[in-house]
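Participant: Mind docking chain B on chain E? Use the hints.
Taken in sequence, the protein lines are chains E and B.
Those letters in the first sequence? Residues -12 to 329, by our numbering.
Those letters in the second sequence? Residues -12 to 329, by our numbering.
Quick caveat, the hints were computed from the structure, so don't treat them as lab data.
Keep in mind that the hints are not guaranteed to be accurate.
To be verified - Have a look at the derived ranges for each label pair, beta carbon to beta carbon: (1) B:P104 with E:N203: 46 to 54 Å; (2) B:M47 with E:P104: 56 to 64 Å; (3) E:E222 with B:G136: 32 to 40 Å; (4) B:K8 with E:G160: 46 to 54 Å; (5) B:G136 with E:E312: 43 to 51 Å; (6) E:G160 with B:H272: 26 to 34 Å; (7) E:A135 with B:R132: 26 to 34 Å; (8) B:D129 with E:G136: 19 to 27 Å.
As the list claims (entries may be wrong) - Sample of chain E residues with no beta-carbon within 12 Å of chain B, all distances over it, derived: (9) G57; (10) V61; (11) G313.
Note that beta-carbon positions come from the ideal geometry of N, C-alpha and C, so glycine has one too.
Protein chains: 2
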Amino acid sequence: MSEGTEARQFVLAARPQGAPKPSDFRLETVPMPQPRHGEALVRVIYLSIDPYMRGRISGMKSYTKGVDPGEVMVGGCVGQVVESHAPGLARGDFVEGALGWRSHAVAPGHMLRKLDPADAPISTAVGVLGMPGMTAYFALLDVGRPRAGDTVVISAASGAVGQVVGQIARIGGCRVVGIAGGPKKCAFVRELGFDAAVDYKASKDLAADLGAVCPNGVDIYFDNVGGDVQDAVMELINLKARIIICGTISNYNRLGQPDPGPRHSRRLLANRARMEGFLVFDYLHRYPEGRARVGAWIKEGRIKYREDVVEGLERAPEALIGVLEGRNFGKQLVRVSPDPTR
Amino acid sequence: MSEGTEARQFVLAARPQGAPKPSDFRLETVPMPQPRHGEALVRVIYLSIDPYMRGRISGMKSYTKGVDPGEVMVGGCVGQVVESHAPGLARGDFVEGALGWRSHAVAPGHMLRKLDPADAPISTAVGVLGMPGMTAYFALLDVGRPRAGDTVVISAASGAVGQVVGQIARIGGCRVVGIAGGPKKCAFVRELGFDAAVDYKASKDLAADLGAVCPNGVDIYFDNVGGDVQDAVMELINLKARIIICGTISNYNRLGQPDPGPRHSRRLLANRARMEGFLVFDYLHRYPEGRARVGAWIKEGRIKYREDVVEGLERAPEALIGVLEGRNFGKQLVRVSPDPTR
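So that you can see chain E by itself, here it is in the shape it has in the complex (with noise of 0.2 Å):
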């Protein structure tokens, strides 16, 4: 296979004010990397498309450092070794790893994670076993410590993370309610044996929508969306519940903006409640043991996911901000070359 002599990169070409668009990336053309001593080349087959994303290219200081105009956009990826001067892999083997939006990408051996396409398609590794099913995995089972009979209410529950929350939790013995956007979102997760969903979109008043499938009240609520969604499953929260701030979507365009919304502290304090805010890299030491639980439930067929694969990564921009804007249905893919093993 012949890589030809030039690979092509997005970089932010400028600071989205509010939503990004697609003259805020540059696809540019640049010569192909060549590995050095412990690095190994990759092709990209998938690039990951996530909401964090909007976070890196706010300008706002946060968890980790951002992307600043000019750099290329960060992101995970699944790819395949081209030519390899690390230990440990060789051409043709297929890896995982944090190389961003490219087509191609050098990177030293031990940034790379080797995948074996026998355990799970390769996609996986940045998916329901990448960083969104860990997600799931530690933010339900170490924050939420769900209990059998708990109700369990999840937002954009057809998402990369909801879809596997709703799962694990219904493992585990809980009822399972997902909020998601749409007939079609609502009817999947219905599909994926969550016990009811309601259509956030077309609610009137989704406080009481939400409130008549948890007729016993809501003790675990995994929030991805923040705000106004955050505000209703706040009315029937449960003594001693458990709110997860996973992800604040809702203001993910309008981040350092204000945020205005009712305060939660008197219902935190009548049901002694707990709000705690998760960040899957606190968790990477216990990667293999999610990694473990939750292909092996992949394997019996107690977890299933869908993908939202979108061909090309000049079409990247594009994912993202339709990512942002919930259009995807599903773990959001950019294919970035063929993936052989399918």
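Facilitator: Showing chain B alone in chain E's frame:
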């Protein structure tokens, strides 16, 4: 000692709209209650006045039944037994119990806790060794989980709860910063050993003024007030910060009305911080532990406390109104009858 044939009590006359006013309460004269088998008649010496009382008269659904118009106001009391038909209680014994806003009350023996005046001044049974002190002890240690070196910020720092929180945090090796209203209260908490105090009434930029005395950020925020003060502290929280929601007094006169503020989800997420509601009644079974610990610290001179005593049951409404406006200076008590131990 003759108690006469009549007792006095305050009933709720009307649900307050906004801040309570004296006419929301009605002082009644009733026949002296008569204890039956298993009961004791108690002459009230101290009535405790606490912010939670505003919630009880609001008509809002909350963690416990409220006071309806016409019902006697609830409240913790210290008193002396006048007549006993209860096992283990004799005339002259000092007791603590939830007797309400009354000059005299009859209660079953098991609802009264006998006090030994040699252990501590009897007034402390509703203060530093009672509900407020136990709130400080369990909320700080169990929810806040302080570690030596942590920076702990406390609002309403000179109040019944706040003053104890700060001293326990100091014993645990924390840096302690109090927020209080006015120079006298700030001077008082510094005298108690707080490392710094910030006068929120004098501050033009509370987050900046707090930041100046919290050079390493805030690890624990013990929140008695909610509102704008909470918002300011939230700007300073550290990774894995704990925000203990113990009270929201800024909102008590507007319970049930909208309380808009900035949303804190994003900051909780980025800092993987935890915001958790606390109610001391969950810890009733551990009060003996808390009283033993705090009692020992008082005897060792490591915990001091300040009481604000007004004279006469007729002043109870005024005392509550003052507490809700922050006019009290230390634990608010009403002396309903003379304290024979002083």
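Participant: Mind listing which of the numbered hints don't hold for this structure, in increasing order?
Facilitator: Nothing - there is no hint that the structure violates, so all of them hold.
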